[in-house]
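Asks: Starting from the known structure of chain A, arrange chain B on it as the hints suggest.
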Amino acid sequence: MGTMPRLDQLDAEDAIIEAIRLKDRYAFEEFVRRHQRWVRGVIFGVLGDRDAVDDVGQQVWIAVWERAGELRDVSRWRPWVYRLARNAALDAGRSTTRKRKQSRAIRQEMAKSDRGETPEAEVIGGEREQAMVAAIQALPALYREPFVLRHLTGWNYQQIAELLEMPTDSVETRLVRARRFLRELLKDKL
Amino acid sequence: MSDLNSDKFQSELEHLIVRQLDGAIGSDEELALNRGLIRDPQARQLADDYRKIDDWATAALESAVLGSGAPFEAASVLERVVAISARRSSYSRSWWLLPAAIAAALGFAVMTRETSTLDDSIRVAARPPLEVQPTTNVHPWSTHRGLQADSVRRASGLEAEPMRSLKRNVDRDLLGVLGDDGNIYWLEVDRTKIIHEPDRSSAVRRASGDL
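Just so you know, the sequences run in chain order A and B. To convert, note that position 189 of the first sequence is 189 in this note's numbering; the numbers rise steadily by one, no gaps. To convert, note that position 53 of the second sequence is 243 in this note's numbering; the numbers rise steadily by one, no gaps.
None of these hints come from the bench; they were simulated from the model. It is possible that part of the hints are untrue.
Claimed, not checked - Across the chosen pairs, the derived CB separations fall in these ranges: (1) T173/A / R229/B: 20 to 30 Å; (2) S217/B / R94/A: 41 to 51 Å; (3) G257/B / T173/A: 23 to 33 Å; (4) D51/A / M301/B: 55 to 65 Å.
What the hints assert, rightly or not - Below, in silico cross-link-like pairs of lysine-lysine (PhoX-like), each with a Cα-Cα straight-line distance of 25 Å or less: (5) K198/B / K187/A; (6) K189/A / K242/B; (7) K198/B / K242/B; (8) K383/B / K357/B; (9) K187/A / K242/B.
This one's a predicted model, so the numbers in the text were calculated from it and none came from an experiment. All C-beta atoms in this analysis are idealised placements derived from N, C-alpha and C, irrespective of residue type, glycine included.
If we strip away everything but chain A, and leave its shape as in the complex, we get:
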C-alpha cells in the first residue's frame, strides 16, 4: 500500500502517459504496475464479481494502450482511466453470461474439494475470507466502491472523493454505512 502514488505526486505520471501514447512498452508496464491495484478495485467495486476482475481489467489495459492517443488533457489521465474501468465493469455486468455462472460454479466446487485437504486453521481463515468477500459482494455498489478503494489502496477520503467525483463527506458517510451493512451481514462470524 505504501507504493501507491499520492495525488500530489501525480504530475510525474504525465510523462508515463505521454510515453504510452508513443507506444512505449516499458512505460506501459510501469503504468500497469503502479495502478493495477486501484483499477482492479474500481472494477470489483462496481461489479461485485471477483471472477470478472481479470477479464475486465485486461479490457481496461487494452483500452489504455490503444486509446491513450485520444486523451486530450494528459493531466486528466486518472479520471480517464477510472471511466474506462467503470464503463468496462458496467458493460461486463450487463453481459454476464450463463457460461460465466457455470464456470464460477465449477471453480467453487473445485475450491471446496481443495479445502478438504488443507489444515483446520486455513479452513477457518478461508471460510472467513469467503464470507467477507461474499458480504462485500452483497453490498450496494454505492457503498462497495469507496469501501473497496479504501481497503485496497489505503487512500484517504479526499483521494477517494476526487476519483469518484463526490464530496468528502459523502465518502465518509458511505464508508460508515458500508461497515454497518457488513457488521449486520457478518454478525455470526464476528
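Replies: Relative to the frame of chain A, chain B by itself:
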C-alpha cells in the same frame, strides 16, 4: 428524548470510530472518542467489530481482487494486452480485405461495361444512314413520336403532297484498324442522311398541268 440523544451519541461515536480506523480523526475527536468508549460498552463492541471487519476485508480483498499474483504481474498483462491488441489490428486489417475485394470487383465490372459500350459505339458508327423525317425534330428511332408526326402530317393534309428524298453527306468517320501484318489501315466512312422534303418542282409541274 433520551433515546434520541442516545441514538445521536451512538451515531457520532460510530463516525468517530470509522474516522479513527481510516486515519482521518483529529486529536480533539480522538479524545472524545476515547471518553465515549470508556463510558459505553456497546461503543467498545462496535469499535472491535469494525476493526475486525477492516482487517478481514483488507485480507479478503487482497486475495480476491488482486489474485494469487499471476494476474498482478505487469509484464504478463503487457504481453497479453499487446498480443490482443495486435490480433485485433490484424483482424481489422483482414476485415478491410472484404470491402477492398468488393471495390475491385465493381471496378472490374465497370471497366468491362465501358469496353462493351465502346464496342456498341463502333457498331453504331457502322449502322446504315439514318432517315430524318422533315416534319419533326424528334429522334427518328422513337416510334411513338414518329406515329405522332405521321398523324399530324395526315391531319394537316400534307400526306397528299409529293415528297422527294435527298441523300446528303453530313459527316465522315476515320477509323484506324490494326492489320495482321502490323500495319494500321485507315478506313473512311461517310455518314449520310436521307432527307425527305416536299417535291415542290413536281407540285409546280402538277399545278401547271392542272392549269
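Asks: Now tell me, hint by hint, if it's right for this structure.
Replies: We went through each hint and held it up to the structure:
no.	hint	in the structure
1	T173/A / R229/B: 20 to 30 Å	25 Å, holds
2	S217/B / R94/A: 41 to 51 Å	47 Å, holds
3	G257/B / T173/A: 23 to 33 Å	31 Å, holds
4	D51/A / M301/B: 55 to 65 Å	57 Å, holds
5	K198/B / K187/A	23 Å, holds
6	K189/A / K242/B	10 Å, holds
7	K198/B / K242/B	24 Å, holds
8	K383/B / K357/B	6 Å, holds
9	K187/A / K242/B	11 Å, holds
Every hint from the earlier list agrees with this structure, and none is contradicted.
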